[in-house]
Amino acid sequence: MRVLRHLLAVPAAALLLAGCGSAEPPPPPQVTFAAGEASTVARPAQYCDVELTQCLTDVAAPVRLAVPPGTPVRVTVPPEIAQTPWQVVFSYADAAGTPTDERSPVFAPESRSDWTLDLGTPDKRLLTAEVQQYGPPPQQNPETGEIEFPIRASWVLNAGQP
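If you count by mature numbering (1 follows the signal peptide of the UniProt record, and there is no 0), then the sequence shown holds residues -23 to -1, 1 to 139, one letter each, in order.
Keep in mind that the hints were calculated from the coordinates and are not lab data.
Where a beta carbon is used, it is the ideal one built from N, C-alpha and C, also for glycine.
Heads up, a few of these hints could be off.
As the list claims (entries may be wrong) - Computed Cβ-Cβ distance ranges for the label pairs, DEER-style:
(1) N118 / G13: 37 to 43 Å
(2) A43 / A73: 17 to 23 Å
(3) P76 / G13: 21 to 27 Å
(4) A72 / Q31: 41 to 47 Å
(5) A43 / P82: 23 to 29 Å
(6) T121 / V27: 23 to 29 Å
(7) E87 / E14: 25 to 31 Å
(8) P114 / G13: 35 to 41 Å
(9) T75 / D26: 20 to 26 Å
(10) P56 / T105: 21 to 27 Å
(11) P119 / A72: 42 to 48 Å
Based on the sequences and whatever the hints tell you, model everything.
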């Protein structure tokens, strides 16, 4: 049995050493949207480095999920997002079809990894939901004087009707 342990230790050490020189960044985190028994996983539509100097945009990243009117949507984020400030921005239509934009509270770093978007009544129909991960601290825009809250990444759900 000692021989087997020795043989297993060598490849494990080799794997650790091989990983040290890898310049390949880990894949971007993904977000799960769930409505009832159905769920979908979204990759980021926009994903920037921490300094917001390099950003990637993926126009094919938004996901679609059938969300019946009045059905809450559970949003689950991985630790890479939960350890930073994040929020959910969403749009819905009332019974007359009038769209309304709202947002969740901004969740503090490491305070939660999920949130349930509940529109409260069955006459409201979810249109879109977008998880936004904040980037660097807020800054004042030198041109407008307004405070800007930089968004590092976003994950988008387009809600369809069953």
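Here is what the structure says about each hint:
Taking 37 to 43 Å as the suggested C-beta distance range, the pair N118 and G13 conforms, at roughly 42 Å. The hinted range of 17 to 23 Å is satisfied by A43 and A73, whose Cβ atoms lie roughly 22 Å apart. Here the CB-CB span from P76 to G13 is close to 23 Å, well matched to the stated 21 to 27 Å. The given range of 41 to 47 Å is respected by A72 and Q31, whose C-beta atoms sit roughly 44 Å from each other.
A43 and P82 have their C-beta atoms about 27 Å apart, which keeps the hinted 23 to 29 Å range intact. Evaluation of the 23 to 29 Å hint for T121 and V27 yields a pass: the beta carbon distance comes to about 24 Å. In this structure the supplied range 25 to 31 Å holds for E87 paired with E14, their Cβ-Cβ distance being about 30 Å. A hinted range of 35 to 41 Å holds for the C-beta pair P114 and G13, which are about 38 Å apart.
At roughly 39 Å, the beta-carbon separation of T75 and D26 lies outside the given 20 to 26 Å, and the hint is violated. For the pair P56 and T105, the supplied restraint of 21 to 27 Å holds, since their beta-carbon distance comes to about 25 Å. In this structure, P119 and A72 meet the distance hint of 42 to 48 Å, their C-beta atoms being roughly 44 Å apart.
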